[in-house]
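Trainee: The chain contents come next:
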Amino acid sequence: MRKIETTLTTLLRDIGAFYEAKKWHFLSVNGIDLGEGKIELQWIFSQYGVKDEVVIYYALSDYETPVPSIVTLIPSAFMGEREIVDMFGLSVDGAESGLYLDKDSLAHPLRGES
Amino acid sequence: MKKTIQIPLGSQHISLLEPIRFKFECENEKIIGVDADVGFVHRGVELACTRSFEFKQVGYVVARVCGLCAITHSLSYTLAVEKLLGYVANDRIKYLRMLMVELDRIHSHMLCLAHTAENAGFEALFMQIMGDRELIMDVQEAISGNRVQFDYISIGGVNRDLTPELVAMIHKNLGVLTSKIDALIGLFDNNWSLSLKYKGVGVLRLEDAYTYNALGPLARAAGLATDVRAETSDFPYEDIGYKMILESSGDIHARNFLRLREIVNSITMCQNIVNNLPVGEIQEKAKGKPNGEAVVRVEAPRGELFYLVRGSGQNMLDRVRIKTPTFSAIPAMIEVFKGAEYADAPAILASFDPCMSCTAK
Amino acid sequence: MFKSMLEAFLNLFRPIRTLKYPAEEIVLPSGYRGLIEYGIDACIFCDKCEKVCPPGAILFYQNEDGTKTYRYNPWLCIYCGECVRACPKPEEALWQSETKQLSALKEEGANEGWFVWEEACKQSREAYATAKKSAKIQNKSEE
Ligand code: SF4
Ligand code: SF4
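Protein chains in written order, with our numbering: chain D, 1 to 114; chain R, 1 to 361; chain B, 1 to 143.
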């Protein structure tokens with residue numbers, strides 16, 4: 001597992017330079033609540049045909065900052081983005097809420113209390 | 001005037017076992033747009049794992065995410081925690097775990113085959129395959145003591161050992177199953193009415209498989225060589241005769257055939273495991289509290305299952321991220337539906353082997 | 001194609017595949033994971049089983065004289081066997097039987113009754129802890 005730090009502003013550039021559809025398998029978007037209104041966002045990739053190669057791009061952010069969407073680079077990412085919208089109440093460009101929860105749900109289960 | 005009509009499939013439909021809703025935008029018979037709604041059975045397992053249960057108990061909680069891949073869920077979680085505790089299982093434990101996972105793959109693939117047959121209108125074949133599937137269910141029940149919720153894997157080992165009677169039973173049932181699978185391969189290959197429903201229907205092209213990050217049998221049937229069993233070194237799969245199986249046409253027939261051939265491979269692997277079982281303890285002590293972050297990938301019957309566990313040296317974990325195979329396969333599924341006939345949709349859907357309780361967790 | 005037609009025809013004369021339940025009993029394989037059973041005589045009341053149980057199906061009620069009463073909810077139990085593995089005296093104090101639990105009747109209060117019991121156990125512990133504390137303070141002041 002390799003972890004590479006990035007920021008929300010440079011995310012699209014970093015992942016655009018990194019991702020090749022035939023080499024990397026996009027796993028998922030993940031969020032981890034760090035408490036006090038902070039969140040760590042992760043974009044996880046694995047390499048085809050190579051043992052134990054998992055690459056995680058991560059960025060530290062808070063709940064208010066909108067997260068850029070990577071669907072233009074990786075079309076299948078929309079599911080993961082919709083999930084973090086529901087679970088953490090983040091706003092991701094172009095990702096609707098209502099995948100798991102009700103569309104107008106006010107609660108965001110994985111968001112820490114603060 | 002609007003040229004298209006919307007036809008929903010689900011959330012309750014006779015061809016679906018589980019609640020999922022597809023909204024098809026159809027032009028005459030052709031599907032041109034798809035929208036999927038998967039959240040009908042969301043239970044908040046990820047939250048429960050970090051708020052209500054201690055890390056030693058979570059293995060039994062995540063096993064309840066899904067009935068069919070209960071064993072892969074508890075295995076992935078256990079592996080992740082063991083990585084955090086710095087514990088490496090001995091060979092006997094690894095072999096016993098692999099045995100259960102492969103048995104699980106056999107019966108899950110059989111369920112999918114039965115279901116595709118049923119959705120293509122072949123009820124008798126459905127019954128036949130489900131009947132044969134009992135051979136494996138019986139073995140799993142005898143090994144673990146329960147038919148569906150095995151609770152076989154715990155942190156630091158497995159809960160039960162194989163006895164000589166069990167070994168004999170495994171050999172007997174797998175032997176019977178081998179001949180049945182051979183007959184099924186012939187049937188799926190030669191039966192004219194099945195090939196009408198399957199060949200050239202629901203094609204996923206290799207390009208799309210790459211673009212939409214298809215995984216598991218869906219990707220391998222399209223010729224994309226990805227299998228977590230070959231991409232991780234947690235288990236010695238090469239030693240027990242694992243072969244990556246690939247098809248190329250990407251249609252329902254290819255997916256069915258891929259599953260049948262994987263069953264054959266898994267049977268061989270199970271026999272090899274039982275014949276070459278190393279000696280050793282089945283339970284060892286794994287001490288400490290999980291601290292740090294670990295990722296684990298395990299090949300579940302439907303594709304890659306991913307766990308990310310983060311702990312901070314306490315009894316409660318900070319985060320358990322579960323990424324299930326069907327969840328990541330949905331973009332590729334949507335792509336396959338576009339351009340297909342509406343009448344084929346149930347059979348195509350069944351051939352993906354979707355597992356909704358996993359997806360919505 | 002003709003092979004499968006022939007198969008289908010021959011199936012008419014083959015024996016029935018399904019089980020004749022309930023006319024015939026289903027034989028479970030030995031080692032079936034069933035109910036947890038408890039032997040009060042060997043138990044040392046270490047509470048280990050209560051702590052490991054994932055769903056919380058084992059509870060101990062704290063009596064005022066310091067003893068504890070064991071209570072088990074067979075409908076909440078997932079039969080995982082963790083408690084037996086945690087018990088310092090397995091087979092004597094706690095063991096897993098092969099009996100199957102039948103579904104609960106309404107009178108048995110599998111849910112509501114258990115909630116009441118959970119609450120009672122919690123309170124009994126707290127009451128016991130405070131009683132102990134005040135007794136300690138009293139002892140000290142007497143000295
Ligand atoms: S078997 Fe498992 S669920 Fe049942 S009482 Fe023991 S620890 Fe609890
Ligand atoms: S673990 Fe065993 S000895 Fe300890 S309280 Fe439970 S039954 Fe009694």
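It is possible that part of the hints are untrue.
Claimed, not checked - Here are the simulated distance ranges between beta carbons:
no.	chain 1	residue 1	chain 2	residue 2	range
1	R	12	B	56	30 to 38 Å
2	D	40	B	122	43 to 51 Å
3	B	51	R	291	17 to 25 Å
4	B	56	R	163	51 to 59 Å
5	B	66	D	5	31 to 39 Å
Calculated directly from the structure, the hints in this document are not laboratory data. For every residue, glycine included, the Cβ atom is placed at its ideal position computed from N, Cα and C.
Trainee: Against this structure, judge whether each hint is valid.
Mentor: Going down the list of hints, with the structure as the test:
Distance hint check: the CB atoms of residue 12 of chain R and residue 56 of chain B are about 34 Å apart, consistent with the given range 30 to 38 Å. For residue 40 of chain D paired with residue 122 of chain B, a C-beta distance near 36 Å fails the hint of 43 to 51 Å. Between residue 51 of chain B and residue 291 of chain R the beta carbon distance is about 21 Å. The supplied range of 17 to 25 Å therefore holds. Separation of residue 56 of chain B from residue 163 of chain R is about 32 Å and departs from the stated range, judged on CB atoms against 51 to 59 Å.
In this structure, residue 66 of chain B and residue 5 of chain D break the distance hint of 31 to 39 Å, their C-beta atoms being roughly 56 Å apart.
The structure shown violates the earlier hints numbered 2, 4 and 5.
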